[in-house]
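Student: Listed below, chain by chain, are the residues.
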Amino acid sequence: MKLKKGIPVIDQGDRLGFWGGKFGGNFVPETLKKPIEDLEIQFNKLKINKNFIRERDKYFKNWIGTPTRFIKLNNLTKHVGGAQIWSKVVSDANGGAHKIYNATVHCLMAKRSGKKVIIGDTGAGYAGKMLSMAAKKFGLKCKIFMGAKDIKRQQPNVKAMKKNGADVIPVYSGSQTLVDAVSECFRFWVANCDTTAMCVGSTVGPAIFVRICGWSTSQISRELKVQLINEFGEIPKKLKLYNCVGGGSSSFGFWNEFMDYDKKQVEFIGVEAGGPAKSKRHAAPLTYGSKIGILHGAAQYVNQNSDGQIEETESISAGLDYPGISPLHCFLKDTKRARYTAASDEEALKAYQIVTKYENLRPSLEPSHAFSIAIKEAKKLSKDTVVIINSCGDAYKDRGILEKKLGKKYVKSN
Amino acid sequence: MLNPISLAFKKAKEEKRPALLTYTVAGDSSKKQSLEILKAISNYADILEVGVPHNTPVADGGQIQTSAYRAIKNGIKMNDIFKIVRDFKKSKNSKPVIFMGYYNMIFQYGENNFLKKCKKSGVNGLIVVDLPWPENKIFSKKCKKNSINFIQLLSPTTSNKRLKRITKDSHDMIYYISMLSTTGGKLKVSPKKILANYNKIKKISPKKNCVIGFGITEKTISNFKNTDGLVVGSQICKEITRSLSNRQNPVINVSKIVNKLRKKIS
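Protein chains in written order, with our numbering: chain A, 1 to 414; chain B, 415 to 680.
Worth flagging that the hints you see were computed from the coordinates, not collected in a lab. Incorrect hints may have been included.
[Said to hold, decoys possible] Capping the alpha-carbon separation at 25 Å, the derived lysine to any residue pairs in SDA-like fashion look like this: (1) B:K614 / A:A191; (2) A:K116 / B:S573; (3) B:K555 / A:R15; (4) A:K280 / B:I486; (5) B:K445 / A:N305; (6) B:K652 / A:Q176; (7) A:K291 / B:N526; (8) A:K34 / B:E549; (9) B:K600 / A:A191; (10) B:K602 / A:I169; (11) B:K607 / A:N305; (12) A:K116 / B:K600.
[What the hints assert, rightly or not] Output of the computed footprint for chain B on chain A, the stretches with three or more beta carbons under 8 Å from beta carbons of chain B: (13) 183-193; (14) 302-309.
Every residue gets a Cβ at the ideal spot worked out from N, C-alpha and C, and that includes glycine.
Chain B extracted, bound-state conformation (with noise of 0.2 Å):
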């Protein structure tokens, strides 16, 4: 039986799109309300990557770490996560649920507590930040192991010689980030050049999904109609920001933009 991230790639690939993957922040800016943008946007996306918000993000440009800080202040904590993930997946049409994260908040909850929490709350697949490989050899086999996807990420500075060891030990799911950049960078890179890097990835590993991720939003989506999947993240953190400082409903206006994200690679 197919884990239900492929499945989730598979009934796009049937609908003939990209699987939409959005990102937020657990716990902005409350944990109600983080767990209700989760019901409200799983109506319109295929698979929900949930960041674990961390206080030293390497990667995360402005938009992601406002939200960051805004959840941690607002004291978000590791098993206030779990449970904001357990009780969506309790929810009507739930969606497969990827954590986003940096390696200390696994680190300090144990690997094994950790992965053994990830499963019974239901988290079906991890994206360390600052866990590349080969480092990450020992634990993304634990993660297999427990039936979780430990997703590899690639990157234009990704040798080919790398990136061809890279695919053969990840699972089923490949992240590509499209450019130079921390998250919410504006594309920097055509296109064109994206896709090209992206089909190399395919044809060396043609049977995982990769998605691309980075610069990706409303207005640049629809150029990448042709691959596995598409992760959009700073646009709807931005959204987030901007809607509480307009005093409206950041949970209509997200899920407004993911609508509206899914119409354009429909």
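For reference, chain A alone in the conformation it holds in the complex (with noise of 0.2 Å):
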């Protein structure tokens, strides 16, 4: 399996849509082959027309606010002591979060198909929230499918669905968290994909989704990549790069630009979600050597019994709580261009105590989990190599998590 240069990863799938032979693909029921179909058609004439892409950046610069803040943490390079720390603060995108990029994009394309209503799937409420938003600013009606005890514990963000006058749909089903939203979301696709167009709010679900959210995210690392060199005036010779991995599109956008680097400049550090510290029940595949299964119409490493019954995961961080995970992940992982790792609710929790203590930073718990993995290895790495934690969260929306676990006086901010 290899990573090829010069072509961007969201196009090195084969005809059947498989990163490396076997991850991704199209794993869906007849019905929904037509408007997959439709929407690839769609995307490859999109995606290297001119026109679309100056509308996607005027929105992308004047509505979602580019570029976000690239800063350099210098309290918390200071308490670390080892290598320079940054931050690129993806949370200062309209809403609050990376998920935009992708809803964006969603909502320009159904616009142009000649959509009405626009669906999609959350788990911690901002691929949700964002979808609400962006469906609000292009004049469509919004459907939102989410677990009920996502619902329970992410209030801020499911307020502000119905805010923007989005439909928030709670799913009982199985462990009532993302997974079962998304297939909720996808049995909603069957029944209306003639009148519906679908957000899959990640990098995962049939590859043409993967393929689209990938697209929209690298907004990330293009900016990244225009701001370190009018910082250090080149692409720093030690570089490593960490970001949380549920799904895995916050990420992938941020590593984007960089593919064709050699990991010896460039590194890709991936965190996953380890649970409650001795939590069997994970949301870590690449981690923790998963098994290839099918999940969303995609191949995949997945959390999953012998049988090939999908197992329930147990994370603090709702945008993490999902047993699979995006192909383009699994790629970079058995090509080993990106490195994959685990923390603990518990480090990530901790980790959220240190970066608030020491900076005006805010990450929410999913990029909480990736600063507990750089702070741990900055510590021991040389002071000309340089750290960047995507913080592509706001932790307002963890506020009633982070009140019950670390007390009041971490939320007062607020």
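Grab the two chains, each in its own frame, and use the hints to assemble them into the complex.
Tutor: Have a look at this one:
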């Protein structure tokens, strides 16, 4: 299995949509073959259409707000005492997370194809919140499927979705989290694909959704490349990019533009959710060697039992609480371009405390996983190493959990 | 010699009626009871679809999901499902059996092992909901080699060009999904329109047995008397759920329903 240079990773799949011959694909009911093919044709045209790119960039700049900040975390660097620690503050984006890029692109595409309704899944609520914002902006009706358990633990985002006029549909089946929300969203699309567009909230699902999402979030690394050159005059000789990985949309977008660099120069570190310490129900299929299986239309490493039933996961962070992982990350793992590890719930909380103590930055529980590993590793790295963590979400949505786990003082500033 | 599935269609045709296909989930509500249900309904049905429960079903509506979750919760495993079929096949008036499920269960078992086990247990056909054409080309060939009918699905969104190519690659039986819906949806398209699509398929592929499924219930079934076969699933699963919550015997209630369905098309 080999990563090709000079070709975007999203376009390195084969005729049937498999990366490396075995990850991804289109394991979908016959009914969805046609809408998926339509979407493929539309996307392949639009991604090289100058007018469309101009339109995308206009909304990214004026509405989402690009570029998001790239800042040095001076106090944290001093405290850790090793590599320079920087952050790409993607939570600056309108709505407070990277999910806005994919949502905007899907709405622009839905609008062009004459669809009136757009549906989407959500775990932490960010994908849903952003889709509801974009749908409102572009005049589309919006339905968001969300696990009942997640609705309870991510109330601020649920309120935001409703305020934007979206229907939030609770999903009571299975574990009542993201995995079931995605299944329910698919089911709705099967029954309504003639009138309705679907947005998959991460780089998961049938190949076309993986591609559209990866293409959209790549805005993050496009900006970062320019910011690095402005700051250092070149791409640093020792660069390490840390990112949390749930489905894998923010990490893929954070890394994409650096794909062709040697990994000795630009290393990618993906941090999965290890769940509560000692828990076996982690959400870290890459770290803990899960087997390949089929989930939501794509072949991927996924937590499952020997029969092929998908296993429930457990993580403090709803956005990472997913038993599978993007086919793109399976591909990056097996080609050894990226390295994957996991942080536990406790480690993520600890990292959140450290970051908020030293910096004026409040990463949500998802990027707190990445901060945890970055802080641990930065200690042992030289001063000329540049460590960057993608702070891809803001902790506002986690205030309930943070208050319960850490006490009121950690959420007071909200 | 005709395979058992084609034979069942032939027999129904001789009686001038469509074949009746039922769908029940293996292990719902228990291993023993699902076997009893199969035995009871095979008095009236011609072909039995046995659902292989999966916990992330992307095409099933509420009724079948409930049955599948119930079976999984009660501990059903792939090998138990093979055993249910094997035991059923030993019974006096057993009928052809078709497995219906999702690809990951086959993938984890290993395609070759799975087919070997199907053959041994007496499974006659397979419907794999999320393995569409052309992705299923290699696997369907393997099925054919093992004398197992791989059943291609067609839907209202299938283009004419695709339809021709799929039917060309199909075995003796084809499954037409009546409308854009998950299983158990209310019939939202007129029977006339469904039959028009059905006839289009029959015209392209007159020799293959084409069944219609999704939205077929006691209320709608008599609209489709002039077809090769009809599948009823969600109404049966619903009846099992209803019987359980009323503390009644699902075996008796379900076989009553299947008997009624059969009378409506006879």
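Student: Compare the structure with each hint and give your call.
Tutor: Against the structure, the hints come out as follows:
1. B:K614 / A:A191: holds (22 Å)
2. A:K116 / B:S573: Given pair A:K116, B:S573 holds - Cα atoms ~23 Å apart, limit 25 Å.
3. B:K555 / A:R15: holds (20 Å)
4. A:K280 / B:I486: holds (20 Å)
5. B:K445 / A:N305: Holds: B:K445 and A:N305 sit about 20 Å apart, inside 25 Å.
6. B:K652 / A:Q176: holds (22 Å)
7. A:K291 / B:N526: Between A:K291 and B:N526 the Cα gap is close to 18 Å, so the pair holds against 25 Å.
8. A:K34 / B:E549: Holds - the C-alpha atoms of B:E549 and A:K34 are around 14 Å apart, at most 25 Å.
9. B:K600 / A:A191: holds (11 Å)
10. B:K602 / A:I169: holds (22 Å)
11. B:K607 / A:N305: violated (43 Å)
12. A:K116 / B:K600: holds (23 Å)
13. 183-193: holds (count 7)
14. 302-309: With 5 residues in contact (Cβ-Cβ under 8 Å with chain B), the coverage given for the stretch 302-309 of chain A holds.
Of the numbered hints given earlier, the model fails hint 11 alone.
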